[in-house]
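**Student:** Can you build the whole structure from these sequences, using the hints too?
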Amino acid sequence: MTLLEVTSQTWTITLIGWSIVFTALVLLIFVFTNVPRFLKIKFTGNRKKTGKAASVTKSEASGSEYISGGDTAAIAMAIHLFFEEQHDEESNVITIKRIQRRYSPWSSKIYGMRNFPN
Amino acid sequence: MENKYRKSIVALAAVVILLTLQAVFGWVDAWAAVAPGADAAASQGAQGGALEGLRTFWNFTGFANFEFSNLIMIMVGLFFIFLAIKYDYEPLLLIPIGTGILLGNIPFVEGYQVGIYEKGSVMNYLYFGVKQGIYPPLIFLGIGAMTDFSSLISNPKLMLLGAAAQIGIFATFLGATALGFAPNEAGAIGIIGGADGPTAIFLSAKLAPHLMGAIAIAAYSYMALVPVIQPPIIRMIVPKKERKIRMKPPRAVSKVEKILFPIIGLLLTLFIAPTALPLLGMLFFGNILKESGVTERLADTARNSLINIITILLGVTVGASTQANVFLTVDSLKIFGLGALSFMVATAGGLIFARIMNLFLKGNNKINPMIGAAGVSAVPDSARVVQQEGIKYDTSNHLLMHAMAPNVSGVIGSAVGAGILLSFLLQ
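These protein sequence lines map, in sequence, to chains G and D.
Each residue of the first sequence is one higher than the one before, counting from 1 in my numbering.
Each residue of the second sequence is one higher than the one before, counting from 1001 in my numbering.
Just so you know, the hints here were simulated from the structure itself, not pulled from any lab data.
Each residue gets a CB set at the ideal place from its N, CA and C atoms; glycine is no exception.
Misleading hints may appear alongside valid ones.
With the C-beta cut set under 7 Å, the calculated list includes, among others, these residues of chain G facing chain D [stated by the list, open to error]: (1) 6; (2) 10; (3) 14; (4) 18; (5) 20; (6) 21; (7) 22; (8) 24; (9) 25; (10) 38; (11) 69.
**Tutor:** Quick look at the structure:
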């Protein structure tokens, strides 16, 4: 069958192709909407093993999931400043090191080129 | 003023000299052709070696082999370079491609291993990576090592937008078939709608190598023109009220999730479309390098040095592959037309799907339909366009991070699409 001068095979490829792309991504969506739940189960399971205050941390955990843009900016700024200042922190002690050189006739001022013999 | 005149006089003089040279040597050519056999040898001897040498030299120059089509392509190359410098449209791609077009369209005498299509030439060796589809997966490795999938992981449903925008691929596939292209050619042209340069090169190298130059140039030039193509479509499809929708900030994503994403993504997508292995395999591999946290050196190389080297080689060889005699055909024009259409259809597909999704979402879960436009995978340009558009209607509504989700899922979607087309159409 042809529609708009396009064979049915082409239509098949089009429709199947697009639906496969959708399927692949829908599967990924399915996995990744459930992964946090799965991780949380593991997480609370561990909590229960260790014992107390699981319910408190649970509510805390659900609350801390959403960090507003402002908070993120503040944290980023703090980290930025911390690293910047860390770079600038120096001892502020400036010293000139004395270096004593051993005597060598090569560097002697007595044997300079401009010392004409008397 | 005087300087201006002087410049134009010098330019004019140069043109006159060149024309005279061509006339003189053209005359010598004609004369040499008329004089047959021994006469010719004798006359050449009389002319002396110098003129003969000059004549040979002239025959080797670009001026002697010049054709009008070369000039057109050189203008195209210069236009690409102009766009990159003046408007900052994807300069990392357009400068190498533009220069490549100049390189590919210098007229030369064939048979001396100069041109990109001549076996044994340096350009031909570099072109090998394009022809055999080696460069695109390496680019994907770098992209994987650069990409942060956290916005996608925090709001997985946005992945649907990346899938919806792939309608561009399949609509163009239909369109190309209707215009009379063979199925494999139509598939290669369709991938322009994926808005992904490396994927387009990879697929066209496998399905229709003879169209690869045109397809790659179309894909890259439309990717560079995303800031021009998308905004009018966004304004046409998304009503003003919906453009102001603020989206819920994405939740924090744990490290385990970030590590799991590329691993699960790799296994899942490649089991569905194993033909996309070179692209998606490398993409997720790069991301594993990044997220594992223990291979920082490798990730760093992949996202910087490696991708830079490959971009240079890919850009310049793709540009050079547009040799006028191969490139300037009616098919190329059709491909350019279809490419523009596919970008529009893909953008519209993403936007319309986003609006449909909004019908089912409630309260502050609603999404800003403009991010649907980022479903075409021109990373990160289309996300940037959405951000710019968002700011126009609400100066504090930053959509960039939200738009990155459909954007990167668009990359996955178009690679899966390429894999599917490959498995259907590769003979």
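**Student:** Taking the hints in turn, state whether each one holds.
**Tutor:** Against the structure, the hints:
Hint status for residue 6 of chain G relative to chain D: holds, with the closest Cβ pair at about 5 Å, below 7 Å. For residue 10 of chain G, the suggested interface contact is upheld, since its CB lies about 5 Å from the closest CB of chain D, less than 7 Å. This hint holds: residue 14 of chain G has a C-beta 4 Å from the nearest C-beta of chain D, less than the 7 Å allowed. This hint holds: residue 18 of chain G has a C-beta 5 Å from the nearest C-beta of chain D, less than the 7 Å allowed.
The interface hint given for residue 20 of chain G holds, since its Cβ lies 5 Å from the closest Cβ of chain D, which is under the 7 Å cut-off. Proximity of residue 21 of chain G to chain D holds as hinted, the smallest CB-CB distance being about 5 Å (cut-off 7 Å). Satisfaction of the interface hint for residue 22 of chain G is found here, the shortest Cβ-Cβ separation to chain D being roughly 5 Å, below the 7 Å cut-off. Below 7 Å, beta-carbon pairs count as interface contacts, and residue 24 of chain G has one with chain D at about 5 Å; its hint therefore holds.
A least Cβ separation of about 4 Å between residue 25 of chain G and chain D falls short of the 7 Å threshold, and the interface hint therefore holds. With its C-beta approaching chain D no nearer than about 10 Å, residue 38 of chain G sits outside the 7 Å limit, and its interface hint is violated. The interface hint given for residue 69 of chain G is met, as the beta carbon of that residue sits about 6 Å from the closest beta carbon of chain D, less than 7 Å.
Checked against the numbered hints given earlier, the structure breaks only hint 10 and satisfies all the rest.
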